[in-house]
Structures are given as C-alpha cells and as structure tokens.
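Novice: Chain residues, written in single-letter form:
Number of protein chains: 2
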Amino acid sequence: MSGPVLTLSGGVGGAKLVLGLSKILDGDDLVVACNTGDDFDHFGLRICPDIDSVLYALSGLSDQQRGWGRRDETWTFMSAIQDLKGPDWFNLGDGDLATHVLRNEFLRQGQSLNAVTADLATRLGITVNVCPMTDDPVATVVQTPAGDLAFQHYFVREQCQPCVTGFRFDGIARARPNGRVIAALRSEPKAIIIAPSNPYVSVDPLLHIPGMLDAIKGANAPIVAVSPIVGGQAIKGPAAKMMAELGNDVSVLGIAQHYRDILDGLVIDLQDAHLAAEIEAMGMRVHVAQTLMTDLETRVALAQATLDFASEIAQ
Amino acid sequence: MSGPVLTLSGGVGGAKLVLGLSKILDGDDLVVACNTGDDFDHFGLRICPDIDSVLYALSGLSDQQRGWGRRDETWTFMSAIQDLKGPDWFNLGDGDLATHVLRNEFLRQGQSLNAVTADLATRLGITVNVCPMTDDPVATVVQTPAGDLAFQHYFVREQCQPCVTGFRFDGIARARPNGRVIAALRSEPKAIIIAPSNPYVSVDPLLHIPGMLDAIKGANAPIVAVSPIVGGQAIKGPAAKMMAELGNDVSVLGIAQHYRDILDGLVIDLQDAHLAAEIEAMGMRVHVAQTLMTDLETRVALAQATLDFASEIAQ
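The listed protein sequences correspond, in order, to chains A and B.
Using this note's numbering, the letters of the first sequence correspond one by one to residues 1 to 315.
Using this note's numbering, the letters of the second sequence correspond one by one to residues 1 to 315.
Keep in mind that the hints were calculated from the coordinates and are not lab data.
All values reported here derive from a predicted model rather than from experimental measurement.
The calculated lysine-lysine pairs, modelled on DSSO-like cross-linking and capped at a C-alpha distance of 30 Å, are:
(1) B:Lys23 / A:Lys85
(2) B:Lys190 / B:Lys23
(3) B:Lys236 / B:Lys23
(4) B:Lys217 / B:Lys236
(5) A:Lys23 / B:Lys85
(6) B:Lys23 / B:Lys217
Taking CB as the label site, the calculated pair distances span:
(7) A:Trp75 / B:Gly110: 27 to 37 Å
(8) A:Gly125 / B:Ala173: 42 to 52 Å
(9) B:Gln65 / A:Lys236: 37 to 47 Å
(10) B:Gln109 / A:Arg71: 27 to 37 Å
(11) B:Arg108 / A:Met282: 46 to 56 Å
(12) B:Leu213 / A:Arg176: 48 to 58 Å
(13) A:Asp63 / B:Arg108: 23 to 33 Å
(14) B:Arg108 / A:Lys85: 15 to 25 Å
Residues from chain A shown here face chain B by an in silico Cβ test under 10 Å; the list is partial:
(15) Ser59
(16) Arg70
(17) Thr74
(18) Thr76
(19) Phe77
(20) Gly86
(21) Leu97
(22) Arg108
(23) Arg123
Just so it is clear, CB atoms sit at the ideal spot from N, CA and C, and this is done for glycine as well.
Using the sequences and the accompanying hints, generate a full structural model.
Specialist: Laid out in structure tokens, this is it:
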C-alpha cells in the first residue's frame, strides 16, 4: 500500500476535509475525485461547482464566511446582468467568473475536463491531484412530485424547496471513470476516503460511474467515510432534508445504511457516539471524532484522525 | 427627406456625438452604424468595443472619467485572471463582462450580431437604432514595419506604440452591409453624419464594406463629418499619430483630404477656423463650432449644430 490516498468529494463540506488532507499528504500522495453531476452550462460557460470548491479550498481562495465561492468576491457582473435583464437566478461572482471563462476557453480549444482541471490546479499552485470523476457529461436530475428538476434548478433556483422522491444521473451509463482516479485505485492506494459530502447528489454520481465501484472495491484498500450528518442534521446543504423525504433515518445510521455495502469504516461525531454499536452491528468499524471543521486546525485534525482510522483498519 | 439621420460611428468619440443626437432625435429618427473592425474574440467571447461604447453612452452607463467602459466598474475578474496566470493584456471590467457574456450566449444560439445588438439596446432602454456595420466578420489589421498586428494587439497590448504604415480589413470583401443601415439609406435620410471617430480604423472599415459607399453617395442626403482632429491633435486615441506616420497633414486639412470624395460639409473646431477657406477650396462647406464635448450640454449643442449644418446644405 504505497499508493496515494483517494478521496471522493463533493463541494464545500468535502473540500474542507480535502484541505485538511492536503496539509498531511503532498503531491501524488493525494488524489481527489470530484463530483461533476452538479456541473451545468450557464451563459454558454461550463460551471463545475464541486471542482471549484476544491480548487478554491486548496489554493486558499475560498470564502470562509459565505461558505462557498471565492473570498474578496464582488458582484458587479450580476448587477450588470440585471441592468441587461439577463437571467440572474444563479449568482456568479466576478472573480469566480475568471475560472469559468478560462475553463470554458480551454474546453473550447479541445482540452478534456481532466486536463483543464489539472491545469487550473497547477496555475493556482496546487500540488495534489484534483480530478473530475469523469470527462463525460453527467447531469444529476432531482425527481420531485411536480416533475424532474436539473440539479442547479433544484439547488439554487428553487433553493431545495421541492420534496425529493429520487435522483437520476443523466449520461452516467456512457460515462467513463477518470483515468487518474482509476490509476490511483490500481496503484495500491493507502485508503479510499469518502468526504463528508451529500451521499445522494455528491457521492452517488461518483459511485455510479460504470466501473468505478468495482475499481474501488477491488483496490484492496480500507474504504472509510466521514459522516456528513451530525446529531441528525447536515452541516450544510439539503442532505438531511433529502434523507427525511426519502424515508431514511436522518442520522449517522442512515449514512451507514446508505454506504453499508462498501464501507470498512465510518467516522462519526462525538455527539453521535451512542450510535456506534448499532453501526458496528451493520458490519463496519466506527471511529468517533470531533467532525465539525470550523478552522484549519480542526480540518487537519479530522483528516489525520481519518487517515489513522484507515491505517488501523488496514492492519 | 423624411427619413432618419444616419450616423457612422466608432467608439468613445463617436459615442459622445451619438448621445447628443439621441437627445434631439428619437426612435427610428436616428440610426447609428457602428464599426465592428475592432471586434475580436477573447476568452472565446466576442468583444465589440465600438458597439458597446455606443450602447453604454446611450444608456447612461458609460464612465465619464476613465473615458471608456462602464461607470461604477470593478476589476475583480482581471485580478482573478492574474491569480490563474491567464492572459491579462486586455482589461475587462466585471460589469462590462456581462455584456460580452450575454452577447456571446445569444450569438452562440444562432442570432445575428444585428439582432443581438438591437436586443441589448432594447434591454438597456435605448430607443434609437444601434446597428453593427455588418453581421459578417471583419478584422482591422494594423500594418507596421515589424509586421501586421491585429487591431487590439496594436491598440491595447502594444498601446499604439508601433509606427503605422497602413491598414487592412480582413474579411471585408465578403462582408455585406447591415440591412437596417441600407434601409435607412434608401428611405430618404435627412443627413449622413460621420462622427468624430478615427478615420482610418473606425470610419474607413464602414466605408469599405462593399456597397456601403455607393449607398451613402446614392442616398441624396447631405454627408457631413465632425472632425476628430482639433488644433492638430486627436481628442483621444492614435488618430493624429497615425496621420503623421502615414505622411498626412495632421490637422483638419488632413481630415478634409481623407474624406474629400464623399463629404458635403465638415464641422471644425473654433481653433481651426483659420483653415476654413482652405477646406472650402477642396469643394466642401465648412461649419465652425465648439467641438469639444466635455459634458452633455456640449454634446447636444454640437449635435444640433451638425444637424442644422446638414439642413442648410440640403436646402
């Protein structure tokens, strides 16, 4: 097990753990596979929210207060879009736009999303490997009683209000997993970590890419998740609301059930310690830790605890 | 002569006169044909500097101090482009980007530049007609001893430093004049006004579109220019420098010589009044006026003086 640590990540929550991991693992020792099911085209520009959250976190550009996007952001573009009576339901910061415009230009020139992502990471001084889960288009669709919603329509335009009945990942049957991720899985990875991201819309697209789950299971590495649910609530985003609407247990138990076929271990928060035995009864190990990542120190601490837990499992 | 006033305009200088004209002529009584030879693609976005200068002037969005672009502009996008080590030689304001992104999206959807320009004008509350000179790609090339330069490379990247030996308008042989401009020329226009724009790179592309000059001459309307040269200097931009490098008279005489085959009249500044007789000897009439447009009042006054001058010629 001389290979890298592979982390599967969605956006903001996952990016926090990834930042912690990057302070411990450098260069090729950390490979981050990012969900691209949230990606969409807006104003003809390809927007990749989860990749960008990871890039901004790793380059120190992310905004800590707002919780998404870049720090020192301005919003003159959106104001001018309103002057022009253009569509203003999706907020694009002026600095954030630079990422989208540059990425779009490189994609237009024929580069793959994988190559563009690696290039942007290098330009931002990031040394660990940040990869899209696939170069092929995958679009998460949120199913509701009123009909299907494109993910960003659900998430941003409708502000997660509609009741969720299920999900669909359009294009996933034809999507090929990212080559750098598969290479990492074939090079005796030290651990596979599922970041504390939304299981349905951030991690499931990754796991559903044909070949990805088999490669993960076949890697002979400990597979460990950090629960995005703490004390029955999501730290951020609609994960808890979705779990309830889907009739699942809104707790770390629900997370354990969701991932029970693949996990060797689950990291849960101190306040969920009383549920540890019940989770272990599902056939996985449990590590109890402080999982609220309020600053860099807590991010690094959780990253280290997760790596140590994976090492223990591997022994 | 119940038709509109047609104005041929480049960027900033022309836009000032156009704003003055728009305070006198409303709706279909004013048609503005904008140079598109300066247009170029940057970051995969179509940038139309002259059209935008006219749109921003007419909608009250232009910046008075800087002399170009939008007021209340911010520059976070450019700062982020620098973070990303992207090309930063062409300054794009955050608000200005909204125009480019929205235009690009509409063009990408298959709309013509003419339709998109009319749409953007309507969105900004502009009631007069703003048209690109053509929907077809025309690219002004600046010829220098060191080789050819794309216009924006000469104008922005090289800051007009290279010596100019000539100009070329790539694509112009296949360019078709804008239909709204031709319709205006065929509807008994009251006047054709050449705005105080650079004769070589702002007005000549317009005049060189196949069919445009014949349509202008055949319109049976007074053709009047406002000199962009005052007291031997250009108000803004490289017009005077270009005139000198091309061996032309850097004065209103040089302007009169440049346009002598088409002009019925030339508006010159008070400080050039002593050259009026020499210009009239070239076969055109001269009107002396205050041509420095320092505020809205002077713009409207110059517009009115130019319209009155054209009326006199028509009688």
